[in-house]
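S.K.: Using the hints, position chain D against chain U.
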Amino acid sequence: MSLAETENGALLQEKKDTIIELQGLRKIYQVPGGEVTALNGIDLSIKRGDIYGIIGMSGAGKSTLIRCINRLDTPTDGKILINGRNVLEMNRGELLAMRRRVCMIFQQFNLLMQKTVARNVRYPMEIAGVPRARANERVTELLKIVGLESKANAYPVQLSGGQKQRVAIARALASDPEVLLCDEATSALDPMTTQSILTLLQDINKRMGITIVVITHEMAVIRQICTRVAIIDGGTIVEEGPVDDVFVHTKSAAGKRLFGIIKSEEDDSAAPDVPALRIVFDGGKQNQPIISDLVRKCDVDVNILSADMKRVGGKSFGQMLIELPENMEDRAKIITYLQGQGLTVKEVLSE
Amino acid sequence: MKNLGWWQIIWQAPYIWCKDWWGAVGNAVYAAVNWLWETLFRTTVSVKSWQILWPAFGDTLYMSIVSTIVAYILGLLLGIVLSVTRKNGIRPMRTLNAVLGVIINFMRSIPFLILLAMLFPITKDVVGKKSGTVAVVFPLIMSAFPYVARMVEGSLNEVDGGVLEAAQAMGSTTFQIIRKVLLPEALPSLINGFSICMTTILAYTAMASAAAGGGLGSVAITYGLNQNRYDIMYAASIMLVVLVQIITITGTVLNRKKDHRLR
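Just so you know, the protein sequences line up as chains U and D, in that order. Taking our numbering, the leading residue of the first sequence gets 1, the next gets one more, and so forth. Taking our numbering, the leading residue of the second sequence gets 1001, the next gets one more, and so forth.
So here's chain U without its partners, still in its complex pose (with noise of 0.2 Å):
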């Protein structure tokens, strides 16, 4: 299965076969005095060979949506389909045969801490019950792939946040498996060290033809790795598609919340001292040097006090805050040229 390539995804996705289907999940916990929705009525259909990422704050259900799949926890009501196979109707024999195929990793990387990193490759080996000399071969693979061949008979506590990761990382491919869920895999670890587990996740996608599903709060983890991405907020999918489409036309406000097109409300202590203009760029036709164009039409000068841009496929989102002259007129020119162009502008008054 050749990988689809970012460009033409929406081509190529059309001749993939679905391995991961969910249909009206739903799950509901009961909590002293009431219930709370965690998902509610989630449909997804996940491409073999995709990196799928599941996007959402904290609190959205994102993290409950990707325990169902491999049951950890048990929706309320739908249907999980894995390879055409409903979860929720296995019997607990094919349900561990299941997660022997769908992996996953975890936040806290959830490692054995009284065994080797050797050992704790070795462990879904030894419950499938793997003959002990093949499994250890395959344990020196798969720590080559991962890059800790010379950490083999170190102790867990002994590595750093991103070299636990690679551990668990091969310890979920150890099964062999189709799936590999990560559960806030980068998470907990800086960006330096994050960018490599995307590396090293992407490799595997693209060596091993290992269907991805990433769960995170991060942007930068859907822009880097994902083809496809599905934002999920309130414990429904608010937009799905491929990630391209969706960062360009981002519909819902739960996405543009989390691109940062928007802010979740007006950021108070960034106030300036001096009257102010904030100027909103949500993607539209602008794709001009708009301020050296102000600068110039307007003949007025443009003291920028902050800006928080982002490109996107080509497009800027973000906003800037620029000061405003004493001269009412100037003021008056500024604005009008600005929505001129389109661009939604704010006075912002000091103190």
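The hints are simulated quantities; they were obtained by calculation from the structure and are not laboratory data. Mixed in with the good hints there might be a few duds.
To be verified - Partner residues aside, some chain U positions facing chain D, computed with beta carbon under 8 Å:
id	residue
1	N70
2	L96
3	A97
4	R99
5	M104
6	F106
7	N110
8	L112
9	E126
10	K151
11	Y155
12	L159
13	S175
14	V295
On a predicted model such as this, the values are computed, not experimentally measured, just so you know. Built from N, CA and C at the ideal position, the CB exists for glycine as well.
M.R.: Chain D in isolation, oriented as in the chain U frame:
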């Protein structure tokens, strides 16, 4: 050994076997202790006192070792069941957990001396006699295993839930998780618990032996208290103190050696 049921023979035979060689060991140890005493204090150890203390020391050792082993095996199994079937355990079973919990709390709340007296008739049936070193092992086990169970349960509950979840996510059966994850991960804590249990049982043996005969406890009472032989009472106490020290230190050392989270 006539007129005994096979189960009574099982209870009594190990003690008889131990008694056989314990005396011989005693002679060797006496020679060594006597030599040490002579060089240190220029006096000899009284043979009579030695003949009182050494068998009593053996009885105490026998009682505590046998009851610790048996109580620990029972308590370990029960503790595993308690931990595994608890609300957030790897195989929750509410009713079983609640029933076991009630039984254990009930047994733990009976003071040892009263349990000892309550069990006299049953001890007679099970062991073949009511008092003496061998007989006391039975009530010791009965009072200690619920305590061990709670101790083991505590150790197992300390194991990080995330690790158990990872093991479940890898498709482990419940038994595989217990054997390969739960017990090995809890090992250092279990070792600690074991040495605490053994010290507690050792303290109980003194009580049991004072009440139903056999061991250092009864020697301390019969000679020390009733015949004003304070030397024997102090010697018996020192022997107990040394035993407790050995057990505790061994526990701590093993714990440190086996805990790979430290370093």
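S.K.: For every hint, state whether the structure bears it out.
M.R.: Status of the hints after comparison with the structure:
no.: 1; hint: N70; verdict: holds (6 Å)
no.: 2; hint: L96; verdict: holds (4 Å)
no.: 3; hint: A97; verdict: holds (7 Å)
no.: 4; hint: R99; verdict: holds (4 Å)
no.: 5; hint: M104; verdict: holds (4 Å)
no.: 6; hint: F106; verdict: holds (6 Å)
no.: 7; hint: N110; verdict: holds (4 Å)
no.: 8; hint: L112; verdict: holds (6 Å)
no.: 9; hint: E126; verdict: holds (7 Å)
no.: 10; hint: K151; verdict: violated (14 Å)
no.: 11; hint: Y155; verdict: holds (4 Å)
no.: 12; hint: L159; verdict: violated (12 Å)
no.: 13; hint: S175; verdict: holds (7 Å)
no.: 14; hint: V295; verdict: violated (56 Å)
Taken one by one, the earlier hints fail for this structure at numbers 10, 12, 14, listed in ascending order.
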